[in-house]
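*Asks:* Residues per chain are reported as follows:
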Amino acid sequence: MERVGVIRRYAIGGAVGAIYYMEPILTYDLDIFVQLPASSQGLVTLTAVYEYLRSRGYAEERDCINIEGVPVQFLPAFNPLIEEALAEARDTTFEQTPTRVLRAEHLVAIMLQTARAKDRERLASFVAEAVLDEDYLAAVLARYDLTATWQQWRGQR
Amino acid sequence: MNAELEKMLSAKQARRQRLAAMPFPEKVRALVRLQAMVAPIQRAKGRSVRAWRLEPESYR
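Line order of the protein sequences matches chains A and B. Whatever position you read off the first sequence (first residue = 1), add 1093 for this note's numbering. Whatever position you read off the second sequence (first residue = 1), add 113 for this note's numbering.
For reference, chain B alone in the conformation it holds in the complex (with noise of 0.2 Å):
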């Protein structure tokens, strides 16, 4: 593995490692968001799916 696509996966890495340390109500704030995101490809491919409903408004 050349050191450029090394330094590119370690930064991967260290970047998902820093997001599983988040607070998990913030980790649900961004799968409504992702959920937000995802939804509309969802739909026109025929799943009924659609993002989480929480209060308060920020998890809109």
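Only chain A is shown next, with the shape it has when bound in the complex (with noise of 0.2 Å):
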């Protein structure tokens, strides 16, 4: 799809993404984040890649697209902190498919943004096993004013 320009780039996040640097934990989904090409009327939407994998034989199912058996969400990059973590996504391969990551320091700071129930949860658990950056990850934090959240969710621990 990047190679096509149905979008600008991508990179997996969500659980998914969290697996890639902490023990498996369950989830159903695979969250894609995605840079899309703004439309002619400055809207960006996910349409033309809903068109697109439709056209391919991939149906929707609820709020994701069964890709392959695999159930994909797409979200689009909704924020600068989501454009910074798909600007800075790690390359890696799944198998011998190239494919991007979201930095470990990244999905900590979606983590605390997002901040529902289940991503406090699994934050505990990320941060007791992937090894992070600490000062990129302060950089981070300091950039999104999520500094205090952190210091708050820690002192919480």
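Hints were generated in silico from the structure; no laboratory data involved. It cannot be assumed that every hint is accurate.
[Unchecked claim] Simulated DEER-style distance windows between Cβ atoms:
{"#": "1", "chain 1": "B", "residue 1": "E119", "chain 2": "A", "residue 2": "F1171", "range": "43 to 51 Å"}
{"#": "2", "chain 1": "A", "residue 1": "R1096", "chain 2": "B", "residue 2": "A116", "range": "29 to 37 Å"}
{"#": "3", "chain 1": "A", "residue 1": "P1191", "chain 2": "B", "residue 2": "Q126", "range": "26 to 34 Å"}
{"#": "4", "chain 1": "A", "residue 1": "A1232", "chain 2": "B", "residue 2": "K120", "range": "35 to 43 Å"}
{"#": "5", "chain 1": "B", "residue 1": "K158", "chain 2": "A", "residue 2": "Q1189", "range": "31 to 39 Å"}
{"#": "6", "chain 1": "B", "residue 1": "A134", "chain 2": "A", "residue 2": "D1184", "range": "18 to 26 Å"}
{"#": "7", "chain 1": "B", "residue 1": "R156", "chain 2": "A", "residue 2": "P1169", "range": "27 to 35 Å"}
{"#": "8", "chain 1": "A", "residue 1": "D1184", "chain 2": "B", "residue 2": "R156", "range": "30 to 38 Å"}
{"#": "9", "chain 1": "B", "residue 1": "R156", "chain 2": "A", "residue 2": "E1153", "range": "45 to 53 Å"}
{"#": "10", "chain 1": "B", "residue 1": "I154", "chain 2": "A", "residue 2": "R1147", "range": "15 to 23 Å"}
{"#": "11", "chain 1": "A", "residue 1": "R1102", "chain 2": "B", "residue 2": "A116", "range": "50 to 58 Å"}
{"#": "12", "chain 1": "A", "residue 1": "P1169", "chain 2": "B", "residue 2": "L147", "range": "23 to 31 Å"}
[Claimed, not checked] With the Cβ distance kept under 10 Å, some of the chain A side facing chain B (calculated, not the full set):
{"#": "13", "residue": "D1184"}
{"#": "14", "residue": "E1188"}
{"#": "15", "residue": "Q1206"}
[What the hints assert, rightly or not] Result set (DSBU-like, lysine-lysine): computed pairs, CA atoms no more than 30 Å apart in a straight line:
{"#": "16", "chain 1": "A", "residue 1": "K1211", "chain 2": "B", "residue 2": "K120"}
{"#": "17", "chain 1": "A", "residue 1": "K1211", "chain 2": "B", "residue 2": "K158"}
{"#": "18", "chain 1": "A", "residue 1": "K1211", "chain 2": "B", "residue 2": "K125"}
Backbone N, C-alpha and C define an ideal beta-carbon position, used for all residues, glycine too.
Using the hints, put the two chains back together into the complex; each one sits in its own frame.
*Replies:* Next up, the structure:
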């Protein structure tokens, strides 16, 4: 999709992104963050992604698209933190297939920013198991005004 | 904390660190096995879930 211009850039995030750095945890969806080209009206929508995948025979399932047996949820980069996370995602391979995963430090920042109960729960295990670049993390948290949230979260533990 | 409990928690933490250090494809294989184990329970609770169907066979 990047090659044909349907999306500008993508990276794996969510639970599967977290699994890259920590022990496997249960999830049934694959979250893919995407940077989308702006439409002619300046709107950012997933329509082109869905149309492209439909044309290749993949069907929608609730808020996901089933791609080769995996329910994939596409999440547009909806704020500057996610835009940066996408820009700085790390290249890796899955078996022989090249792919990209968000950096561990950005996953921490996104979990703090999103702050659903499951994010806070996952954050505890993630921080205990993932290898984090503390300086890089501190800079990300400062840029997105999350330092106090991080300190508060750590203080509660 | 008594010594026995401390030993148990530290062994648990060491196991988690070992799992975290596994290669990504191996972790995904473990995830798919986990999904297959838990899916019947989730479905019994009314959630519509299923384990991923990934190739090759080793993922199943």
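*Asks:* Are the Cα positions of K1211 (chain A) and K125 (chain B) separated by 30 Å at most?
*Replies:* holds (21 Å)
*Asks:* Is the interface hint for E1188 (chain A) satisfied, with its Cβ closer than 10 Å to some Cβ of chain B?
*Replies:* holds (5 Å)
*Asks:* Quick check on a hinted range of 15 to 23 Å for I154 (chain B) and R1147 (chain A), using CB atoms only.
*Replies:* Hint violated: Cβ distance 32 Å, outside 15 to 23 Å.
*Asks:* Given a hinted range of 45 to 53 Å, is it respected by the beta-carbon distance of R156 (chain B) and E1153 (chain A)?
*Replies:* Given a distance of about 20 Å, which is not inside 45 to 53 Å, the answer is violated.
*Asks:* Does the closest beta carbon of chain B sit nearer than 10 Å to the beta carbon of Q1206 (chain A)?
*Replies:* Nearest chain B Cβ about 23 Å off; hint violated.
*Asks:* Verify the CB-CB distance for A134 (chain B) and D1184 (chain A) against the hinted window 18 to 26 Å.
*Replies:* At 20 Å between Cβs, range holds.
*Asks:* Just tell me: holds or violated, for the beta carbon distance of R1096 (chain A) and A116 (chain B) against 29 to 37 Å?
*Replies:* Given a distance of about 58 Å, which is not inside 29 to 37 Å, the answer is violated.
*Asks:* Taking the beta carbons of R156 (chain B) and P1169 (chain A), is their distance inside 27 to 35 Å?
*Replies:* holds (31 Å)
*Asks:* Given the range 26 to 34 Å, decide if the beta-carbon distance of P1191 (chain A) to Q126 (chain B) lies inside it.
*Replies:* This hint holds: roughly 33 Å between Cβ atoms.
*Asks:* Below or equal to 30 Å on CA atoms is what counts here, so check K1211 (chain A) against K158 (chain B).
*Replies:* Since the Cα atoms of K1211 (chain A) and K158 (chain B) sit roughly 19 Å apart, the hinted pair holds (cutoff 30 Å).
*Asks:* Just to be sure I understand the hint, the distance between the Cβ atoms of E119 (chain B) and F1171 (chain A) should be within 43 to 51 Å; is that true here?
*Replies:* holds (44 Å)
*Asks:* Is it true that R1102 (chain A) and A116 (chain B) lie within 50 to 58 Å of each other by Cβ?
*Replies:* Since R1102 (chain A) and A116 (chain B) have Cβ atoms about 51 Å apart, the given range 50 to 58 Å holds.
Checked against the numbered hints listed earlier, the structure breaks hints 2, 9, 10, 13, 15; every other hint is satisfied.
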